[in-house]
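Build the complex from these two chains, which are given one at a time in their own frames, with help from the hints.
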Amino acid sequence: MAYSERLDHMTEGFSLAQAIDEAGRCLLCHDAPCSKGCPANTDPGTFIRKLRFKNVTGAIRTIKENNVLGGACGVLCPTSRLCEKECSATGIGLPIRIGDIQRALVEHSWKIGFKPYAKPVARSEKVAIVGSGPAGLACAAELAKTGVRVTVFEQRAEPGGVIRYGVPGYRFDRDFLEREIEDLRFLGVEFACGKRIDGAKGAKELLAEGYRSVFLAPGLWKAVALPEGKGISGVLDSASFLSMLRDGEVAELARRFEGKDVVVIGGGSVAIDCAESAKKLGARDVYLVYRRSFVEMPAEESECVVALREGIHFVMLNRPVGYSADQKGLLSGLKLRRCRLGAEDGSGRRSPEDIAGTDWILDAQIAVEAIGSVPDGADWSAEVKTDGRGLILADAETGSTSAKAIFAGGDIVGGPGLVVEAVRDGKAAARSILEALAGGAR
Amino acid sequence: MSAASKVDLSVSMCGVEFGNPFLLSSSPVANSAEMIERAYEAGWAGVCYKTLNSGRMDIVHPSPRMNGYDYEGRRLVGLQNVEMISDRPLRDNLADILYLKRKYPDRKIIASIMGFSDDEWGFLAKAAADNGADMLELNFSCPHMSIEGSGYKVGQSFHLLEKFTATVKKAVRIPVLAKMTPNITDMTEPAIYAKNGGADGIAAINTVRSISEIGLEDFVAKPNVFGLGAVSGYSGPAVKPIGLRFVAEMAQCGELGIPISGMGGIETWVDALEYLLVGSTTIQVTTGVIHYGYRIVEDMIEGLYDYMAGKGIGKVTELIGKALPSLCDTGDFDLGRQGIATYDLDRCIGCGQCHIVCRDAGGQALEWDAARRRPRLIEEKCLSCMICSFVCPVPGLIGFAEKPKSWKRLPTPVKDEGDAKRVSIEPN
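Chains as they are written, first to last, in my numbering: chain A, 203 to 644; chain B, 17 to 444.
Hints were generated in silico from the structure; no laboratory data involved.
Just so it is clear, the structure is predicted and the values come from calculations on it, not from any experiment.
Check the hints yourself; a few may be wrong.
[As the list claims (entries may be wrong)] Only pairs whose alpha carbons sit at most 25 Å apart, straight line, appear in this in silico SDA-like list of lysine to any residue: (1) A:238 with B:372; (2) A:256 with B:377; (3) A:313 with B:88; (4) A:238 with B:390; (5) B:238 with A:287; (6) A:287 with B:390; (7) A:238 with B:410; (8) A:256 with B:373; (9) A:256 with B:238; (10) A:256 with B:234; (11) B:238 with A:218; (12) A:238 with B:383; (13) A:287 with B:234; (14) B:238 with A:223; (15) A:238 with B:364; (16) A:256 with B:86; (17) A:287 with B:361; (18) B:331 with B:145; (19) A:287 with B:363; (20) A:238 with B:389; (21) A:313 with B:86; (22) B:117 with B:190; (23) A:256 with B:89.
[What the hints assert, rightly or not] Across the chosen pairs, the derived CB separations fall in these ranges: (24) A:219 with B:427: 46 to 52 Å; (25) B:418 with A:292: 54 to 60 Å; (26) B:395 with A:387: 37 to 43 Å.
[Stated by the list, open to error] Some residues of chain A that are not near chain B, with every Cβ distance over 12 Å (derived): (27) 288; (28) 294; (29) 402; (30) 617; (31) 639.
From the three backbone atoms N, C-alpha and C, an ideal C-beta is built for every residue, glycine too.
Just chain B, same shape as in the assembly (with noise of 0.2 Å):
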């Protein structure tokens, strides 16, 4: 434990002090006082708590209300919901964030709410904060939203992103966040929108809009709600790439400026550290936790702490943003340096995968010696595409080296020199 004990989970995000940057994200995982007093037994340092509902509009979900995407035997790689906001009514959320801020005061509370009109998001955004709130995240995103001027259709809309976050700004003194949709080309613009209307911070990704699964017998889309399907909101690992990507293009943004909570298909440390890497300063789960429960914290606060303490890092604040400075534009790459794939043949167990995806989907560089049941690599048509390396059932078997410069990769050759000759292309 000695270099272990040296190392220091907490993060602080706009003023709001967190013991360890793991939240629980405003979802199912967090609709009440009874499951979040487990969560933060388990290890959560906080909650985004589910989006308060001010009660001017019945909240009815729909049934059913998700829809598992698996792959090859694998569940719940992705997750298709049409969940609502809470469905409680608001006394008795707050009722119960105020016995959690009671039992728990160290660990804190983000409120998220969603208005469908100026008053009721400042209305909503008082009585979470004078009810223990630590801090607000405004609900811009919801993915499968019907109705015009609220959820993700107010993320699409900046102008009232921004009004909306002024109200609240005008009508708290804590710290908030906007939470913002993917389903967006660019989402630093909205993001400044936010900012300029006084948000604190970003929350980013909510869920992608989708369609997970259609019913071969029935032909209605999943979940099947009674004979209807619907686009909607997905999560889960599957998202994880996009939300990265999200993130990080808004901690790079200069003008945008203020701390990033992220998420999108967090499960395990690594996940987590990689978010803190583009830029979060805290993350956020659901989908994992749907999957798993609040068990899989345990994990990612032991995984990170071990991970910071075998690299002798002291702060986890120390790894924000630590991937953005190599992070460029496909342009900035030095072509000028080559290198290929390299082959551990003595580890091989001759399954010939690497053969057949080089030969349908990469250079033709690897021939198959039927009898040894080995691949034997051509250097020069390598393309370094390293889909060999992917589909390699053997860790580590297949790497990639530089080439030295004066090395040169074969050209394609085309199929038929006769074809070449009578192939006619009109003058630029």
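So that you can see chain A by itself, here it is in the shape it has in the complex (with noise of 0.2 Å):
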């Protein structure tokens, strides 16, 4: 099926000879800058030097070593603004195209049959971990690799986290997931899938079941919804679209969404994997409706102009302030309302005034709603602080929270980020962690 094609494949990387010859335009600096660029600590300096002098299989692993899911690094990661924004190349040309060589290389390795990592020495100290997105299992990984015996439980039915059902199969797909989860298998880290671990009340089982310690790494799984929205037929949120998208969803929602005017709200990555899923799935016309200008939107630039090629309208400078609907209750279009830039705000961008006078409605049958998410309601606070919005309070550097033996990472502590910024926080519960195991072994 042309939809289902379009939507859950990802278009080819570089070939192993693409990235050979994307390195020979490296300058193999002193001191990289592009190798302090990363959350994650990833080293490309050295990995493309090693790709130079045709060490292959050691660029593979000095990528995996640090970051079991460096491929999906490489596809997710925004390169422009991290490792590649300190490229001394672009001071005589155009960046070295980091991102697109450390994904050729892990799947080059997957070609050749290569395995970066060790088979550890089990022993016998149990850790658990909640959820598997990127965070969990980074920890996961780093623990595994001492022999640490690792379980990741998962509310839902396949582990990923966000990179499997909040990122469409188009920008990262399911193929390329299983074979990286695969190195985690190897390292003897365990999936207990299906399984939701609610709130306190769970972790702290699973510390009376003999798990050394716990990492909370859930995620954010609550889209944030416009109450104007309730009870209108045609009004989704982004969490649960894109999950429908990975779930086996896909002829059901094509089914609602041919032929039909979408509008998409929101200016953020988020936004725009729905704006181009809605066109992929047969869309007439997707409308991306953001309330700041163009400069403003927090999507990268790329993304954007991807989006805008592939004929996604961007209304720029408009307001949501309702929605309309006909006496059945179905969605007939949005009340927009038009903006100004006014003074910066808090974050540092100019924000929106109303024009007073300027509503007007967007005709549309389906609405996507994607302005944020939030924890999707398990409470933490009785055994860990948390604040108002019910993110986990854990320090930046350790992922210690305010009890002993529980650590947390990921979007549940910092709200929405990066995915090389929950293996950043994972792999510092990992360090966390395997001192606590020392220290009690002591």
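If you want it as structure tokens, here you go:
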């Protein structure tokens, strides 16, 4: 089926030959600045040098030893504002396409059957990880490498969290994720899928069952909803929409979207994903509505450009003020009010101000709200300190919470962040957990 | 076009006039009239026709017959081949030469020949001359001949080389070039033997005996001819410095004093000009054509033309040997004059490669300012090796400037002065 083909698979990345070619442009900097630009300590200066000197397996090892999700980060990372932003080659031309090289090397390892990890020697200690998104997986890998017995609890049917259920398949597909999760299984990580650890009580039970530490990385799975959409048929939220896409409900969605006019509300990467997915599902016109202007959009510029080229209409400087529906309660349009940019707000961006008397209706039969996400209702506050939004308070360097054996990281601590930031949190927590285990043995 | 219209690219070599100095060398790129016709249309002034074979011995090419040598993604930096002389019947080759001379009387054909005996040399020379060849080139240098008394083994046996040259000279009246092998220490010596045998000019260099690559799975050198590899001829940009050296040495040899057709790694007008500057009258190309096709001659002609027009040089012959007067022995250098590298740091992009190479291969003269990501030169430690400038990605950022006579370079310190005191050296 065409829409499934458009939705479920990533386009091909660099071949190894292309990666070598691109690496040929690298200046092999002293004290490589790219290697300082990654939250998860990825070291492109070293893996690109290894590739240049025909040490291909060594290059793969450098990536994967540092980050079990090295492939995922190569695909999903906004490299242009991380490692590639630091690239010295920018001074004489374009930065090296580090993410593309990284992805190609990881894919090459699968092609040649190269295993970057040694089989760990098993230890007796058990650690539980709640949530199988990037933070959980990164933490699991770091622990498993030392022989710790790791069980990852995942409420959904398959592991991956946001990179399985929160990102469309054309950006990061199932096969790619499966191959990378294979490395975790090789390290001995066990997955308990379909098992929800529901808040503080669940965490406490895990400790009682003999898990020496618990790492909480459940992510943010509840979408922020506009109150005006309540009870109107045709209004979706980004989290459920993207989950449905990955949960075998593509055919049903395609039936609902085909030929329809769709409006997506929001200016971040998730909004772009929703708009593109709607288009790929066969929607006629897809509008992306954002209250500020193009330059304030949190989405990456490169993905915005792709969306524009795919025919998404960007409606900037317009704020939703309500929905219109027909007598049967079916969505008929989005009520918008034109805005202008006013003074800077706390985020350093100019905030939108209403222009009086400019309300209008954008006709649409489907609306997708992509305006943020929050914890999904599990309450951790009985065991660990949380803030007013339900986010867990944890130390950024160590992942420690207010409870001794409980650590936390990823979006549940920092709010919506990058995959690579979640990986950083997972690695940091693993280090702390290993220290705690060593302390306990003494 | 006013300045350019005065530029004259024509040269005369051994009494034969060439419209420009650019010729195809004897190889697969000059295998038949069908091919050479297209080369002529592209602008080549002449060809050295692929070495004729008399038919007394069957010529069968090994398969596969070439291997490309790549460097960091650049294809064909070098090329190894186990190509034989022409496998076409002599009659077919001569018919093609007749055709080319009839259709393109102004383009010149140098017929390459190779005999395996004295009378075969004479026979081939006469056959080529009788069928329109303007000149002959004696192949004393095919680098992968296994038969004694042929190919580069002749080039290494000077008396044989002189004898075969004399035989050819007796058989024909057209000019004769002797093509030399670089698989030898000093090329001037066999060249003088060729001259004594009557050679009117020299062609050099043939390919360099080599092993370009070894298969890591089968441990067989490439080209892998059904499980076997062999030492054979290497050509392409990688050999240009070697070719320039041999040509220059022969051009500087007063006793030799005959014109040279230079070759080895030429792809652009710059390469060709360098061969002219060290004393070549014509230049020949194969590997450049194997890589890019005949079309590259258009850029050789136009590039040299514009260079000469820009310099106000009217005749290309003015350039021949122009680099020779300053080409001396290293012992002639004025060591009293010293300089150092200079840095235009406003243009620096902070890659730090200069720091790495100076630290690990130079004079440890470049400190690294980590915060600003810039090198800092300690002038007195600069060796003026200039390796920093070779790795710097910004063209022209690193230059060279002479220091005053009073300037002194710091000696390389010993690691521990205590050890220096303990050193014992027997008196000489």
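Results of checking the hints against the structure:
Only pairs whose Cα atoms come within 25 Å are accepted, and residue 238 of chain A paired with residue 372 of chain B is accepted, the gap being roughly 18 Å. The hinted pair formed by residue 256 of chain A and residue 377 of chain B meets the criterion: a straight-line CA distance of about 22 Å does not exceed 25 Å. Between the alpha carbons of residue 313 of chain A and residue 88 of chain B the distance comes to roughly 22 Å, so the proposed pair stays at or under 25 Å and holds. For the hint linking residue 238 of chain A to residue 390 of chain B, the alpha-carbon distance of about 17 Å falls within 25 Å, and the restraint holds.
Restraint check for residue 238 of chain B and residue 287 of chain A: the C-alpha separation of about 43 Å exceeds 25 Å, so the hint is violated. As the CA atoms of residue 287 of chain A and residue 390 of chain B are separated by approximately 18 Å, the hinted pair is consistent with the 25 Å bound. Among the hinted pairs, residue 238 of chain A with residue 410 of chain B is consistent with the structure: their alpha-carbon atoms are about 23 Å apart, no more than 25 Å. For the given pair, residue 256 of chain A sits about 20 Å from residue 373 of chain B by alpha-carbon distance, which is consistent with the 25 Å threshold.
Simply put, residue 256 of chain A and residue 238 of chain B have alpha-carbon atoms about 19 Å apart, close enough for the 25 Å limit, and the pair holds. At roughly 19 Å between alpha-carbon atoms, residue 256 of chain A and residue 234 of chain B fall within 25 Å of each other, so this suggested pair holds. Of the supplied pair hints, the one linking residue 238 of chain B and residue 218 of chain A holds, its CA atoms being roughly 23 Å apart against a limit of 25 Å. At roughly 21 Å between alpha-carbon atoms, residue 238 of chain A and residue 383 of chain B fall within 25 Å of each other, so this suggested pair holds.
For the given pair, residue 287 of chain A sits about 44 Å from residue 234 of chain B by alpha-carbon distance, which is inconsistent with the 25 Å threshold. About 23 Å separates the Cα atoms of residue 238 of chain B and residue 223 of chain A, which keeps this hinted pair within 25 Å; it holds. A distance of roughly 20 Å separates the Cα atoms of residue 238 of chain A and residue 364 of chain B; the hinted pair therefore holds under the 25 Å criterion. Between the alpha carbons of residue 256 of chain A and residue 86 of chain B the distance comes to roughly 13 Å, so the proposed pair stays at or under 25 Å and holds.
For the suggested pair residue 287 of chain A and residue 361 of chain B, the alpha carbons sit about 21 Å apart, so the restraint of at most 25 Å is met. Proximity of residue 331 of chain B to residue 145 of chain B is assessed by CA-CA distance (about 30 Å); at most 25 Å being required, the pair is judged violated. Between residue 287 of chain A and residue 363 of chain B, the direct Cα distance comes to roughly 19 Å. Compliance with the 25 Å bound is thereby established for this hinted pair. About 13 Å separates the Cα atoms of residue 238 of chain A and residue 389 of chain B, which keeps this hinted pair within 25 Å; it holds.
With a C-alpha separation of about 24 Å, the suggested pairing of residue 313 of chain A with residue 86 of chain B holds against the 25 Å cut-off. This hinted pair checks out: residue 117 of chain B and residue 190 of chain B have alpha carbons roughly 15 Å apart, not beyond 25 Å. Note on residue 256 of chain A and residue 89 of chain B: the hinted pairing holds, with a Cα-Cα distance of about 11 Å set against a maximum of 25 Å. A hinted range of 46 to 52 Å for the beta carbons of residue 219 of chain A and residue 427 of chain B is consistent with their spacing of about 48 Å.
The supplied range of 54 to 60 Å is broken by residue 418 of chain B and residue 292 of chain A, whose beta-carbon atoms lie about 35 Å from each other. Roughly 60 Å separates the CB atoms of residue 395 of chain B and residue 387 of chain A, a value that falls outside the hinted 37 to 43 Å. Its beta-carbon lying about 10 Å from the closest one in chain B, residue 288 of chain A breaks the requirement of being farther than 12 Å from that chain. With 12 Å as the threshold on Cβ separation, the claim that residue 294 of chain A sits away from chain B is violated: the shortest Cβ distance comes to roughly 5 Å.
Distance check on residue 402 of chain A: its Cβ is at least 47 Å (rounded) from any Cβ of chain B, clearing the 12 Å threshold; non-interface status holds. The beta carbon of residue 617 of chain A is kept farther than 12 Å from every beta carbon of chain B, the shortest such distance being approximately 32 Å. The Cβ of residue 639 of chain A sits about 36 Å from the closest Cβ of chain B, beyond the 12 Å cut-off, so the non-interface label holds.
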